[in-house]
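Chemist: Generate the whole structure from the sequences, applying the supplied hints.
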Amino acid sequence: MMQVEKIRQEFPELGESVYGKPLVYLDNAATSQRPLSVIRKWTELSTKYNANLHRAVHHIADVATAEYESARVFVRDYLHAAHREEIIFTSGATASINLVAFSFGEAFVREGDEIIVTEAEHHSNIVPWQMLCGRKGATLKVLPVDDRGHLRLDLLPGLLSDRTRILCVSHISNVLGLVNPVREIIRICHEKGCKVLVDGAQGIVHEAVDVREMDCDFYVFSGHKVYAAPGTGVLYGRRSLLEQMPPYMGGGEMIGTVRWSGTTYAPLPQKFEAGTQNMAGTPTLVPALQMAQAMRDPAVQDEQEKIKTFIINKLKENTKVRLYGVPDSLEEKIPLFSFSVEHSHHEDLALILDKLGIAVRSGQMCAEPLMDRFGVTGMLRVSFAPYNTLEEAEYLVKSLDRAIKMLEG
Amino acid sequence: MKTLQEVQDEVVEEFSMFDEWLDKYEYLIDLGHNLEPFPEELKTEDRLIKGCQSRVWLDAAVEGDRILFRADSDAIITKGIISLLIGVYSGRTAREIAEDDFSFVERLGLRENLSPTRAGGLASMIETIRETARQYC
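Chains A and B are the protein sequences, given in the same order. Mapping of the first sequence onto this note's numbering: position 54 corresponds to residue 54, and the numbering continues sequentially without gaps. Mapping of the second sequence onto this note's numbering: position 59 corresponds to residue 59, and the numbering continues sequentially without gaps.
Among the hints, erroneous ones may be present.
What the hints assert, rightly or not - Estimated spans, in silico, between C-beta atoms of each pair:
(1) V376/A with F18/B: 27 to 37 Å
(2) E13/A with E106/B: 24 to 34 Å
(3) E408/A with M17/B: 22 to 32 Å
(4) K43/B with A208/A: 44 to 54 Å
(5) Y19/A with G120/B: 36 to 46 Å
(6) G409/A with E40/B: 33 to 43 Å
(7) E106/B with G250/A: 40 to 50 Å
Hints in this document: simulated from the structure, not taken from any laboratory. This structure is a prediction, so every number in the text was calculated from the model and none was measured. Ideal Cβ placement from N, Cα and C applies to all residues, glycine included.
Modeler: The following block contains the structure:
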């Protein structure tokens, strides 16, 4: 508890009030709050070292470039990737996936090929693949989930064929909060020669990620969900694949030489970093990921486990509540809970909770196919970060009861 | 019969009696629960108001020179808000509605107390009522 209180001091937003009530921020899966270390780095680069990267010979450009490139080395080490060239900076997970869908698609996907996504994906991990299939005349296949929200791994071998080029799966679903068995999925896919992209938008926040141990071909995440500045993101890609993929966008640092007779491209990673980069934002990934690491402190994790147990039990006790993403064991669930309440619309609940100072998410959570799967127009989602407390969880449950009573009239 | 202006003043006055927003919500929830039942067969795609996070259906029928509105929503606070709106505009002439500036909605203070996505939904509701009236002018 002491440890969590100390961490909270680092996040100024958590000390704010809304409608005269202390803010209880439980929409962390949408975006996380930022610690002072990130805000300081961001401000320092904006006020003292604002220069375009890589080319200029002047001092402040040198500093800005050094910050940016040392962030790349830091991220490589953080993900335990083999090479710095395997870390591509983007504007977020969505941009990373679009990059792979385009460039991997150009290199490896032909008419009649197949791509697999799961039923629990965020739109950002569905639509780019639909667009690719449309361009190439490829087929998109869907790996379903069962009624509790678990991926139907038993159906995977039947879906894979020698035409399946890539499977795209979230490390942790942003709706179900279940940690997917990505290692097993990757093993099964690789046996068939199918590559795997893992969407780590939620995974990077709650798990220690080792891309070599995971053996994924691509791992993507956004900075803003893991305490960094918005408009930052990472694409990890296996070097041998990235080398075979053509650039996504042209211009800026991605060139070798430009002639009217033709242009050559820069080597990795610049080949995929066209245009001016987020020079103040991207280096904040360093203090942000350091914060994520610090939050793996046993005392903080202990509070997280208490929150999970408390919320799961309270939701189970309430017979009107239907939870989506029901874990077999607490280890496979992050403290993210999407549910619906009989006779109470998710939007009404969110609106009343808001007035009680609690920020939650309601709606389709960018996962319409999953809403259809469960036959709902939307859900209410509460997502905790390691800086949230059991006390906040208790206040949520009390407030939820109050909102339900109000709505039932 | 009271003028449109008088009805609007009454609604604004009644709504302003509640100091706390939670009390205003209670009031809207009550209105929502008491809204006249909406026939299931009228819940069609063309009656669905675009731009709301929850689903809102609005039906308009003409009786003489007056427009009668009926509405429903799957979210109860939204249903309360639409109930407030049709309470004011249903039974008015097309011209009265089309010429109204809908400023009473501002006086209710609803817009600034709904999140932007919901305020967008409120704007869509108002726009649909206004457009319907214009068609009958």
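Chemist: For this structure, which hints from the list above don't hold up?
Modeler: 5 and 6
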